[in-house]
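Since the structure of chain U is provided, determine the placement of chain B on it from the hints.
Chain by chain, the residues:
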Amino acid sequence: MMKDITIVILAGGKSSRIGQDKGLISVNGKPMVQHLIDIAKVLKLNTIIIANNSDYESFNIPVYEDDYKEIGPLGGIHAGFKNTQTSKIFVLSCDTPFITAGLIKYIIEASNLYDITIPRHGSKTHPLIGIYTRDIVKPLLNTISHKKLKVMTLIDNLNSSIVDVTELFSSEIFENINTQKDLYAKVQLKSFGIISDRINKVDMTLSIPNKKQVNLRNYFNDKWPFLKDISYTIAIDQEIREELNKNEHPNEIAILPPFAGG
Amino acid sequence: MKKCFKEGAITPEFIANSIAHHQVKTNIGAHQIFLGQVRSDIIDNKEVVAIDYSAHEEMANKAFHTIRENTFNQFDLACMHIYHSIGLVKAGEICLFVFVSSAHRKMVQQAIEFVVEEIKVNAPVFGKEIFKDDSHVWKVNK
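Chains U and B supply the protein sequences, listed in that same order. Note that this note's numbering has the first sequence beginning at 1, numbered continuously upward. Note that this note's numbering has the second sequence beginning at 1, numbered continuously upward.
Bound conformation, chain U alone (with noise of 0.2 Å):
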């Protein structure tokens, strides 16, 4: 059964909100593209990536481009029928990287009887991590000819299958990556007596990662080794304390050297 699917990653869509070819980002230190192919590799299956920027062909799998450009996912489903063989895809979008192996397996067990199969996970469904079946190409065509161009309409009109995996799966792995903003935290970095002198500066921004809870006296040790020397305190906002919580946005944090007032 596992034979018959081809892994389809939807890499065509625009990124205007991250300014960069979404599926090229780093998340936990690769490109979220490479996530997808990784797991592709653990379960054994072919992949292929839809994309209209060359830049995606350093991964080694092939790339091919929609032929339907700038009518979102639709477009990106029909090429993988139209560059694959197998009987069903296996569709993935390049911004949700920590969809793991043991999810796309659930979905497959699950999809026999139907023309797509879609997890659910609490109120939301989400139509790129699904199977579809080449049954489906020509009513996708003729959606697309009538302009309907959103995959939750197609889903709603054929033999499909939402399958609840609420209880089943944590709903982290189904979190996708839309702005530079899910990724880093911008902020004003002070710092004071020996350490800006050190340093070199007083203000300055940094971008920290924050996709995970962050320690920042790791963060700022590795990435300034000579304060593993030196005491300091660290404060987030102007409260004292060193975990930058995932996906916190502070105005500020302070890295403030051994107090000497009075």
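If you are wondering where the hints come from, they were derived from the structure by calculation, not from laboratory data.
Capping the alpha-carbon separation at 16 Å, the derived lysine to aspartate or glutamate pairs in EDC-like fashion look like this: (1) U:K124 / U:D156; (2) B:K106 / B:D76; (3) B:K62 / U:D237; (4) B:K46 / B:D134; (5) B:K62 / U:E239; (6) B:K128 / B:D52; (7) B:K128 / U:D197; (8) U:K82 / U:D67; (9) U:K246 / U:E172.
Chain U regions said to be covered by chain B (calculated; three or more residues, Cβ under 8 Å): (10) 189-199; (11) 246-258.
Glycine included, C-beta positions come from ideal geometry on N, C-alpha and C.
Below, chain B without anything else, positioned relative to chain U:
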């Protein structure tokens, strides 16, 4: 929030005026004053001629505010003032002026010690000890 920083040294005139302002408050029976003075330390055979104070001023003003609140909660005071220098203060000049007042002496004696210790530990103020040859080291409170 009260601003506690004063540019440069705190002058004897400023301190004298501050005392004079309290003469109308006749419920007060005892004042206690702490004055921090820039000491001319000898470090590696070099003499400190001044301290250049800097601070995270907003955070320090908040710290002074919290110290005030804690002090008023713990001690029965009529009033209290904290002034700290920012910028250059020469050796021998005053850089910290804490002034507490109460009806009786025991209160102010205990309060002044508490306030000064709290300032040393909790106010993000930094001191650059400057030598005659313009080199410097950063002061650390003991």
